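Chemist: As a plain string of letters, each chain reads:
Protein chains: 2
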Amino acid sequence: MHAIGIDIGGTKVAGALVTEGGDILRLERRPTPAGDPDAIVDIVVELVRELGDGERIVAAGVAAAGFIDAAQSTVYYAPNIKWRSEPLRDRLSVRLPGIDITIDNDANAAGWAEYRFGAGRGTTDMTMLTIGTGVGGAIVTEGRLLRGGFGAAGEIGHLRVVPDGHPCGCGQKGCIEQYGSGRALMRFAGEIADAGGIGQPLARAREANGGALDGTVVAALIADDDPGALEALRELGDWLGQACASIGAVLDPQVFVFGGGVAMAGDRLLDPVRESFLAHLPARGFHPEPQFLVAQLVNDAGVVGAADLARIHAGSSG
Amino acid sequence: MHAIGIDIGGTKVAGALVTEGGDILRLERRPTPAGDPDAIVDIVVELVRELGDGERIVAAGVAAAGFIDAAQSTVYYAPNIKWRSEPLRDRLSVRLPGIDITIDNDANAAGWAEYRFGAGRGTTDMTMLTIGTGVGGAIVTEGRLLRGGFGAAGEIGHLRVVPDGHPCGCGQKGCIEQYGSGRALMRFAGEIADAGGIGQPLARAREANGGALDGTVVAALIADDDPGALEALRELGDWLGQACASIGAVLDPQVFVFGGGVAMAGDRLLDPVRESFLAHLPARGFHPEPQFLVAQLVNDAGVVGAADLARIHAGSSG
Chain A
1 MHAIGIDIGG TKVAGALVTE GGDILRLERR PTPAGDPDAI VDIVVELVRE
51 LGDGERIVAA GVAAAGFIDA AQSTVYYAPN IKWRSEPLRD RLSVRLPGID
101 ITIDNDANAA GWAEYRFGAG RGTTDMTMLT IGTGVGGAIV TEGRLLRGGF
151 GAAGEIGHLR VVPDGHPCGC GQKGCIEQYG SGRALMRFAG EIADAGGIGQ
201 PLARAREANG GALDGTVVAA LIADDDPGAL EALRELGDWL GQACASIGAV
251 LDPQVFVFGG GVAMAGDRLL DPVRESFLAH LPARGFHPEP QFLVAQLVND
301 AGVVGAADLA RIHAGSSG
Chain B
1 MHAIGIDIGG TKVAGALVTE GGDILRLERR PTPAGDPDAI VDIVVELVRE
51 LGDGERIVAA GVAAAGFIDA AQSTVYYAPN IKWRSEPLRD RLSVRLPGID
101 ITIDNDANAA GWAEYRFGAG RGTTDMTMLT IGTGVGGAIV TEGRLLRGGF
151 GAAGEIGHLR VVPDGHPCGC GQKGCIEQYG SGRALMRFAG EIADAGGIGQ
201 PLARAREANG GALDGTVVAA LIADDDPGAL EALRELGDWL GQACASIGAV
251 LDPQVFVFGG GVAMAGDRLL DPVRESFLAH LPARGFHPEP QFLVAQLVND
301 AGVVGAADLA RIHAGSSG
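Heads up: the protein sequence lines correspond to chains A and B, in order. In this text, residue positions in the first sequence follow the working numbering: the first is 1, and each later residue adds one. In this text, residue positions in the second sequence follow the working numbering: the first is 1, and each later residue adds one.
Just so you know, these hints were derived from the structure itself, not from any lab. Here the structure is a predicted model, which is why all the values come from computation and not from measurement. A few of these clues could be false.
According to the in silico footprint, chain A covers these stretches of chain B (three or more CB under 8 Å from chain A) [what the hints assert, rightly or not]: (1) 138 to 146; (2) 203 to 215; (3) 287 to 294.
Virtual Cβ for every residue (Gly too), placed ideally from N, Cα, C.
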């Protein structure tokens, strides 16, 4: 039986009809009316009705950025939408009778899809890091998504790697998000551009781009194996490997999966991550080493994961 | 039905007959023949036979310090005993037919006992830190002991808190074990003693103790509310709170439980831990705060937890 997955992003709401095998049969997208929480609920209801039209649907999963409670019903806080302790599940359930609704954090939904149908397939313990503007995370242990005691587990971006380090948007300092994200990559690349030498191509590209480096510019130089851009990526990978060593001591995953735009760099990112992980691994040599892989479900992982989590919640695998 | 728990420590092997409710009916102890792995197996077999004499026993759990594989059968490495990839479960099973044997890490067994019958009771997600000579850990998520993909999860002592920090026995630098353990407390106390001022009572106690501070001396000064000793404990608690903030971002437990000798200081330790945790919590204020508690099962947690885990493994709750 199919399930529906909805992913509420900052700019668009995506919805999909998803099979048990993780295949998308139908996909719809709408712009997110970010300033109007009621309109978002209307869009989710409309998408579920449209996607489910003519199908027997028992479950719909909704993924959104933010803190979701452990009961998967309330959005405590969403950074992009004006939701504060929003009883989203109840509001949707009233308007979608007969459909089991669950709410999940968007990084958790995407990570779950990767575990079930992507790079984490076949393992039992996976840690995913999503390297976009920030650093997102999702954790699977013994084949289960780790939600935590209050629903806020897997916020790996806020593991601290440097005491009194770079200020973070969360109000703290030194979070790995400030050393391992796309934004950090731009900072490292800017520093290398300023330093001259191998930084000259970065400096020229920055000038040509109106004085600012962005993801597209740096990604193009990385793809060309520009030494300065690769050095910035190496610095990023070095920090991520250090964070993975700490995460490994706590969670001991079989595989670390890297998603998000920066992970498109593939082994150019993963090689320094692996190297740094091994250099910082406690009691190295006494147990098997985890794998480091790039995520496979680049697009639509959120809707696929949200649908699958909802299907599991509804106990409907048949 | 009762189960048997065995805890193989560096100096003694403890064994107990344990009820479903976590009560110890019989307890036996033997010195550990640390240099003779075969003799240890003999002692475990002997203890299981003695404790099970006249009882219907279906399960026996064995806890030991070291890395245990995810299948709970092999000791990859034990720091105190010459075991390297030792197939302990098979060796015991051959000699104890009809009894389901499982092997667990000793910190995990003790943490499980605390979760089931102690300070973690009634929660679903607990993180335990054992503050002894080093820093041990055990993690329960959704009511399950987190063993990890290779059986080595919960090594919280090797979460790194300072890049290029104090050297650790694991071969790395800056692990929380070097800032949050009993050994770290002695280091902080020694530094305060050297500094004069509030350190004078510590300095005098050190001199009276033959020139070295030890746990007994510092604990006595802490119990007397000596300002220097309390300052050393505060420094320890500050680091532990910082580590808990990082652990919280990843695991989001409802409760942090502190065990081990240093945790006997109670709120004198927990107050600074809590304060530091809140000061370092990412996105503070957006979700409920965990509790910080002292462990309740100070003695024999290892045997109780090992027995309970073995009972669960055997599927024998009746």
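Chemist: Identify every previously stated hint that the structure contradicts and give their numbers, smallest first.
Modeler: 2
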